[in-house]
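A.B. asks: Respectively, the protein sequence lines represent chains A, B, C and D. Remember, my numbering sits 2 above the position in the first sequence when you count from 1. Remember, my numbering sits 2 above the position in the second sequence when you count from 1. Remember, my numbering sits 2 above the position in the third sequence when you count from 1. Remember, my numbering sits 2 above the position in the fourth sequence when you count from 1.
Among the clues, some could well be false.
Unchecked claim - Calculated pairs, DSS-like style, for lysine-lysine (alpha carbon to alpha carbon, straight line, at most 25 Å): (1) C/Lys120 x C/Lys106; (2) C/Lys120 x D/Lys35; (3) A/Lys35 x B/Lys35; (4) D/Lys120 x D/Lys106; (5) A/Lys35 x B/Lys106; (6) C/Lys106 x D/Lys35; (7) B/Lys120 x B/Lys106; (8) B/Lys106 x B/Lys35; (9) B/Lys120 x A/Lys35; (10) A/Lys120 x A/Lys106; (11) D/Lys106 x D/Lys35; (12) C/Lys106 x C/Lys35; (13) B/Lys35 x A/Lys106; (14) D/Lys106 x C/Lys35; (15) A/Lys120 x B/Lys35; (16) A/Lys106 x A/Lys35; (17) D/Lys120 x C/Lys35; (18) D/Lys35 x C/Lys35.
Stated by the list, open to error - Chain B regions said to be covered by chain D (calculated; three or more residues, Cβ under 8 Å): (19) 105-117; (20) 150-159; (21) 192-204; (22) 219-229; (23) 232-242.
Claimed, not checked - Chain A is nowhere near these chain D residues, computed Cβ spacing over 12 Å in every case: (24) Phe47; (25) Asp104; (26) Ile129; (27) Arg138.
What the hints contain is simulated information worked out from the structure, not anything from laboratory work. In this text the structure is predicted, and so the values were computed from the model without any measurement. Ideal placement from N, C-alpha and C gives every residue a C-beta, glycine not left out.
Protein chains: 4
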Amino acid sequence: MSTQLTPEILGALEQQAVEVPSWAYGNSGTRFKVFGTPGTPRDTFEKIADAAEVNRHTGLAPTVALHIPWDLVDDFSALRAHAEDLGVRLGTINSNTFQDDDYKFGALTHEDAAIRRKAIDHHLQCIDVMDETGSRDLKIWLAEGSNYPGQADMRGRQDRLQESLQEIYARLSADQRLVLEYKFFEPAFYHTDVPDWGTSYAQVVSLGDRAMVCLDTGHHAPGTNIEFIVMQLLRLGRLGSFDFNSRFYADDDLIVGAADPFQLFRILVEVVRGGGLNNPDVAFMLDQCHNVEEKIPGQIRSVLNVQEMTARALLLDREALAGAQRAGDVLGANAVMMDAFYTDVRPALAEWRESRGLPADPMAAYAASGYQQRINADRVGGDQAGWGA
Amino acid sequence: MSTQLTPEILGALEQQAVEVPSWAYGNSGTRFKVFGTPGTPRDTFEKIADAAEVNRHTGLAPTVALHIPWDLVDDFSALRAHAEDLGVRLGTINSNTFQDDDYKFGALTHEDAAIRRKAIDHHLQCIDVMDETGSRDLKIWLAEGSNYPGQADMRGRQDRLQESLQEIYARLSADQRLVLEYKFFEPAFYHTDVPDWGTSYAQVVSLGDRAMVCLDTGHHAPGTNIEFIVMQLLRLGRLGSFDFNSRFYADDDLIVGAADPFQLFRILVEVVRGGGLNNPDVAFMLDQCHNVEEKIPGQIRSVLNVQEMTARALLLDREALAGAQRAGDVLGANAVMMDAFYTDVRPALAEWRESRGLPADPMAAYAASGYQQRINADRVGGDQAGWGA
Amino acid sequence: MSTQLTPEILGALEQQAVEVPSWAYGNSGTRFKVFGTPGTPRDTFEKIADAAEVNRHTGLAPTVALHIPWDLVDDFSALRAHAEDLGVRLGTINSNTFQDDDYKFGALTHEDAAIRRKAIDHHLQCIDVMDETGSRDLKIWLAEGSNYPGQADMRGRQDRLQESLQEIYARLSADQRLVLEYKFFEPAFYHTDVPDWGTSYAQVVSLGDRAMVCLDTGHHAPGTNIEFIVMQLLRLGRLGSFDFNSRFYADDDLIVGAADPFQLFRILVEVVRGGGLNNPDVAFMLDQCHNVEEKIPGQIRSVLNVQEMTARALLLDREALAGAQRAGDVLGANAVMMDAFYTDVRPALAEWRESRGLPADPMAAYAASGYQQRINADRVGGDQAGWGA
Amino acid sequence: MSTQLTPEILGALEQQAVEVPSWAYGNSGTRFKVFGTPGTPRDTFEKIADAAEVNRHTGLAPTVALHIPWDLVDDFSALRAHAEDLGVRLGTINSNTFQDDDYKFGALTHEDAAIRRKAIDHHLQCIDVMDETGSRDLKIWLAEGSNYPGQADMRGRQDRLQESLQEIYARLSADQRLVLEYKFFEPAFYHTDVPDWGTSYAQVVSLGDRAMVCLDTGHHAPGTNIEFIVMQLLRLGRLGSFDFNSRFYADDDLIVGAADPFQLFRILVEVVRGGGLNNPDVAFMLDQCHNVEEKIPGQIRSVLNVQEMTARALLLDREALAGAQRAGDVLGANAVMMDAFYTDVRPALAEWRESRGLPADPMAAYAASGYQQRINADRVGGDQAGWGA
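Could you put the whole structure together from the sequences, leaning on the hints where they help?
C.D. replies: See below:
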């Protein structure tokens, strides 16, 4: 029951990085209401500044994901320099095929070749941006689907999706990747074109080695054993990235670890088990929607949750676990798991943070920094959209 | 297996009425995108006109529910006269406690007495409107809840809810009712203050005889046997109204009967069994969200779905069913149910409609009427909000 | 809205066959209680006789699936002859790795090589039986998994599963197939080794061309769009068979089409769309659990449900559907679907049955046949187990 | 972040008691297989002895629930003396209306008055037993329901249930209670007669003040906010008892706290908030099914889980929480919750146990006690049934 974080564990934690999304700092909400908040960024440069605050207080968030077209700027080299000045880098590029009227009935899957063309071209533009920002990953979340049985030809759409992805994939350079996200439902309410990991897997395997699956922890049917999927995708060599968040019901996009901490622990145990920790092939990102809580502290809380839970996962006594498993000792094996989970790693992590020149309590440090007061005063009329895929 | 609709059945169908919501004709969508549509009403008068089209082609939708403040007009008697000119009446008044910034952390349940006061006053204003429109029912759907464990004191909120409702209830006149809707989740993602029928029931029973439960068919946990709740609320004398719609996943707000027609059948079978059909105590309404389909035809399709399924429910041979139930004949009893469900009532209903001076095919009749083309041309810049509770 | 079953449709229906399971005629139940029924078969020969009754009254069930070891007999050629005398054939062989004490912690996935050996050998024995019975398919449903986090090493089990399956697959002759079933949960309550179609697909693809996925309609998470999976597996060329049944909650194993007829319709629409109907690669089977209803009539009802729903799926006006889809006519496309679904095909099917020398009403014909009374009297002490995977 | 358990907290923990069920020590399993275990009790006296071991090592389980008829003995005063000799008392009496052939289609709800009579008489017999054992509570879990729409008249059954319960309730003495459990589904797969807390509440309110609701933590629809129901039933004064266990999917009956520890924490937080802790009106019990794990250690683990989580719930800084709630500080309020949850109370509890003459590590102490080895050797042929309601 020791809380001792060994040098090996601390070494692993030191390497850990969690990408934060630019859109986390904009306004977001539900279909019923988007509550505005003071200090909302007015442009992408300000979003990067907010993200840099998360990294400054935690040392955990060195890169920022961008969303195109929301984060289109005239001069990406200026944006890149701005980020680097603030100690962060530009990361994954996310495409958007759900906010144009043209995409009402699909984008990469649309019956109409002209609309598919437009959607493919949008992705090619995203790759142009990647070339400028130095980003490795193009992440595709498809909002496409249908609301009523019969509305769409699911099979034809699946075939067209593959064709569209092939054209996009062909445009990637050798050090770039395509990461395809799946989602159980929403905004489509009958069928979704990439609804499960199996579909994403089958689609990316047909593309090539640099096509991977993105696992968003909120995009599964009720009751799904998510750590099993983590295990399977790592085993199949296709786990490209995580979109972390948490949920009680549907895609609630709450702070990672908030709804079911033990599930996050189990996921990270499988990540470690399968060699996915600090593995460049497996990117850790947040994708959340801060509807009612403060946004920058929400992101700080989130990366800390990932860090704390990773520490617990690393504490797991794998030798004892394997022994109990081999012996068919159900309660013994479970006890080894629970011992790691229930260990309070927070004091040791606070000490370790201080030893690295970081605040022991990043939440308190941010609150004391005056940053929020400053942006509340300075940024008038900011309404940069965010959302919560 | 007869499709014969007896005079008794036709008599019941003739009395049937399904209230349509004013907000069905405005734009609605998801948190990701609201797709605009041509012909969107520019004011409440135009929404009433659209609703009247539904009734004109079906004879099924004689009343229109209003939403306050969306449908506030300077002169409700003018609105009332406008409606009556078009052959419909103003119906249920729906309150709104989810679109003001003040309500971020609650309305009738809020910790702050001033915000509760504001929310109560809003409902008193709604009752003022009811007095002017001649509406009987005040329907309250509470979007209130919390997103994170600890965020709110659920117990205190429950007590405050009761106090707030008592004050509202006290203002009703003797022929008016309060109808309290429950919803499993959304927009709150951890706890909802009225999440299930039990809570709504416990709350309204404490108010008095004219407080009832509203059952929205999309507001339940996965797998819930909704017809059981219909049965129970009828048994307890507290089923005040239905909000009809359908869903595959969460509160998808699809067209009633579209996702699971057999469920709609079972619900209507229990309505008939429990004396809820054409019973003034049990109001039938639609509450849907036409995100991708045409709105007026969507409403026509919906009221027809209710009518057709009611006809099937009335076809049920209750004597044969009771006999098989008494005999423990599982397959026999189920066969009696399925026989009614699988009977194609559509041709007989088409004939009967014609005999009453209504179009045999209301969908085709609306399409041929030229109304849609007219409003598409006339209404420029309409953006009356709708949504999908 | 015509109910006309064209010669083309009738031709397709004439070819249709639904395999019935030998275990449907034995006793089955829940963990709480297995209710015995009169007439329970005392051996495999009597199960075949019961299955033959289903075929005799419907012409739809020409083959019977066997379960090893439940259906082990000394002389399979005698069983084969017995079946053929009754007008049916022996079909799929189902293995059993869940009823031995050894398998408490796994079979094909077990940590202990000796237990894996035993489980593999059991499958080799099943293939021996297949050689004798002339069966094509070896169906593997794995009950394996764990109840507590930490109890099992999911990743190691997945690798061992692949090794075990490879050995089994290697033993198949060139005209035999391995069909791997997946199941969301139960009897394991934390992790299941083949929980979803993606896992089954990834496992069988690694085996070879004659390894396929079995889709049991009751083995999915709540809300899963099953017809999407049907579409996808057909597209990927790996849909080996259906286990038909229905459910409201978990793996309830109710009569196919009983819980959600419209879902069965949508599944069959995708089967037809994807070329899976009367395609020898895609076997139709029942796998149900008649806990409270009569067993032989339960099977008759089931194959009729599949037939009736197939007729409706064949009625679908695919040209009109495709036109509406291309036009983005959501309501129009859905109307084409619903028109086929709501068409009452039962009278036409009854006529057609009679024209082929079959009873118009197979349920009534069976009831009138005296068979049930005969077996109730003759079979004393029958307790052949059944269950409901 | 202190782990300091104050004297007040320890005082509360000292009073805590969790009733254990006699059937936890018998064999249990799924419909697919019941795995036997060595040491299975051969009669009720041996079950009591096993239960006493749980109490001896934990000081937490002073009473044992009995199940009639499984635990019927000729001389209950001898059983009572046996229990008291071992330091425990006989507790709640559980009735059984699901294992007789007569009850296939219902018991207290059956259409046939003779079968209702039998079921009522069984409950009257249970009350006779209560008089002999000195038990306060009669707990009724009804397995009743139906598998197919139409099979049963849900409304008639609800009325008959009320009549049956009234007769049973009338037989209780003034210090006895009736506790009615609800369950979402299983063993019935379409409708269940008491499926939700609302139904149980409505039924018991009609009986009288000594009729209460039993909340089994595994008996809800996916996603249900159970702590909300705890809050509501405490508010309404009708939370009679808990049946603790945990689940990932359906009524999995796993060890309490094993599947979602944070949920157990939230439940206990509401128990404390609502005055339910160490309140004689609110009985804490286990109802679990040890299918693959050792049974006595499984029970020890379970009561410890309840104790540890109660300690965390008592650590909650309610003043700080209320302050953050009033301030609308979402992240601050959540942080107060999480701080209590993440505090490692295990070392302090181990010390405290020792100070009271109990083993610091009850699991290890039991393993070292030799009891299991003794019963494995002594008890040959034990097959006392258990199950997992």
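A.B. asks: Confirm or reject each hint.
C.D. replies: The hints, checked one at a time:
1. C/Lys120 x C/Lys106: holds (13 Å)
2. C/Lys120 x D/Lys35: holds (18 Å)
3. A/Lys35 x B/Lys35: Holds, at roughly 13 Å.
4. D/Lys120 x D/Lys106: holds (13 Å)
5. A/Lys35 x B/Lys106: Holds, at roughly 9 Å.
6. C/Lys106 x D/Lys35: holds (9 Å)
7. B/Lys120 x B/Lys106: Distance of about 13 Å is within 25 Å: holds.
8. B/Lys106 x B/Lys35: holds (22 Å)
9. B/Lys120 x A/Lys35: holds (18 Å)
10. A/Lys120 x A/Lys106: holds (13 Å)
11. D/Lys106 x D/Lys35: holds (22 Å)
12. C/Lys106 x C/Lys35: holds (22 Å)
13. B/Lys35 x A/Lys106: holds (9 Å)
14. D/Lys106 x C/Lys35: holds (9 Å)
15. A/Lys120 x B/Lys35: holds (18 Å)
16. A/Lys106 x A/Lys35: The hint holds at about 22 Å.
17. D/Lys120 x C/Lys35: holds (18 Å)
18. D/Lys35 x C/Lys35: This hinted pair holds, its Cα atoms lying about 13 Å apart.
19. 105-117: As far as the segment 105-117 of chain B goes, the hint holds, because 3 residues have Cβ atoms under 8 Å from chain D.
20. 150-159: holds (count 8)
21. 192-204: Coverage by chain D holds for the segment 192-204 of chain B (10 residues, Cβ < 8 Å).
22. 219-229: holds (count 7)
23. 232-242: It holds: at least three residues are needed, and the segment 232-242 of chain B offers 5 whose Cβ sits within less than 8 Å of chain D.
24. Phe47: The assertion about D/Phe47 holds, with a minimum of 26 Å to chain A.
25. Asp104: D/Asp104 is indeed farther than 12 Å from all Cβ atoms of chain A, at 35 Å.
26. Ile129: Per Cβ check, D/Ile129 is outside 12 Å of chain A; nearest 37 Å; holds.
27. Arg138: At about 32 Å from chain A, D/Arg138 clears the 12 Å cut-off, so the statement holds.
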